[in-house]
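Q: Numbering (my numbering), first residue to last: 1 to 125.
To be clear, the hints were calculated from the coordinates, so they are not data collected in a lab.
Don't take each hint at face value.
[As the list claims (entries may be wrong)] Pair ranges (Cβ atoms, derived):
| # | residue 1 | residue 2 | range |
| --- | --- | --- | --- |
| 1 | Asn67 | Val10 | 13 to 23 Å |
| 2 | Gln18 | Gly60 | 31 to 41 Å |
| 3 | Ser86 | Pro20 | 32 to 42 Å |
| 4 | Ser38 | Thr2 | 19 to 29 Å |
| 5 | Asn36 | Leu81 | 32 to 42 Å |
| 6 | Gln114 | Thr2 | 14 to 24 Å |
| 7 | Lys120 | Glu7 | 14 to 24 Å |
| 8 | Asp6 | Ala92 | 16 to 26 Å |
| 9 | Ile23 | Pro88 | 23 to 33 Å |
| 10 | Ala24 | Ala99 | 30 to 40 Å |
| 11 | Asn9 | Pro70 | 16 to 26 Å |
| 12 | Asp6 | Arg71 | 21 to 31 Å |
| 13 | Asp6 | Lys120 | 21 to 31 Å |
| 14 | Gln27 | Arg71 | 16 to 26 Å |
Computed from a predicted model, the values in this text were never measured in an experiment.
From the three backbone atoms N, C-alpha and C, an ideal C-beta is built for every residue, glycine too.
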Amino acid sequence: QTWPLDELNVLLGPSALQSPFAIAIQQCQVFVVVRNRSKNMYTRLWCVTELVLANAYADGTIEVIGNMPPRAKSAGAAIGLGATCSVPEDIALLRATIAMTTLDANALVAEVIQAPHGSKLRDCA
1 QTWPLDELNV LLGPSALQSP FAIAIQQCQV FVVVRNRSKN MYTRLWCVTE
51 LVLANAYADG TIEVIGNMPP RAKSAGAAIG LGATCSVPED IALLRATIAM
101 TTLDANALVA EVIQAPHGSK LRDCA
């Protein structure tokens with residue numbers, strides 16, 4: 001990420017649920033998961049958090065495009081709740097945010113990893 005850390009902390013505030021990205025997710029009609037073959041995005045806790053928030057709060061469709069890396073299905077503990085952040089202080093904040101939703105982050109990540117290109121995980125429209 002390219003924001004200076006103090007500016008990003010002010011933007012995010014004390015709760016990731018009140019951050020601009022969470023508010024945008026809550027208002028989206030289509031949440032698109034764009035996977036790529038070179039990196040499993042769900043080793044990044046921010047990506048896991050966004051997926052969980054979309055499942056918990058978005059009113060629209062969640063669509064999956066692109067392909068996962070060949071070994072993504074066997075990534076093990078380094079994905080989902082085991083994912084990390086470049087800023088260690090974010091880890092507790094994001095895990096607490098995920099916990100507030102009561103959703104199973106690991107199951108949601110597994111569903112996206114297994115989903116074929118072009119899948120709709122949920123269609124609330």
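Q: Now tell me, hint by hint, if it's right for this structure.
A: Here is how each hint holds up against the structure:
1. Asn67 <-> Val10: 13 to 23 Å: 37 Å, violated
2. Gln18 <-> Gly60: 31 to 41 Å: 21 Å, violated
3. Ser86 <-> Pro20: 32 to 42 Å: 19 Å, violated
4. Ser38 <-> Thr2: 19 to 29 Å: Holds, since Ser38 and Thr2 (Cβ atoms, about 20 Å apart) stay within the stated range.
5. Asn36 <-> Leu81: 32 to 42 Å: Cβ of Asn36 to Cβ of Leu81: about 22 Å, so the range 32 to 42 Å is violated.
6. Gln114 <-> Thr2: 14 to 24 Å: 32 Å, violated
7. Lys120 <-> Glu7: 14 to 24 Å: Since Lys120 and Glu7 have Cβ atoms about 36 Å apart, the given range 14 to 24 Å is violated.
8. Asp6 <-> Ala92: 16 to 26 Å: Check passed, 18 Å falls within 16 to 26 Å.
9. Ile23 <-> Pro88: 23 to 33 Å: 25 Å, holds
10. Ala24 <-> Ala99: 30 to 40 Å: Since the Cβ atoms of Ala24 and Ala99 sit about 21 Å apart, the hinted range of 30 to 40 Å is violated.
11. Asn9 <-> Pro70: 16 to 26 Å: 37 Å, violated
12. Asp6 <-> Arg71: 21 to 31 Å: 37 Å, violated
13. Asp6 <-> Lys120: 21 to 31 Å: Check failed, 39 Å falls outside 21 to 31 Å.
14. Gln27 <-> Arg71: 16 to 26 Å: 35 Å, violated
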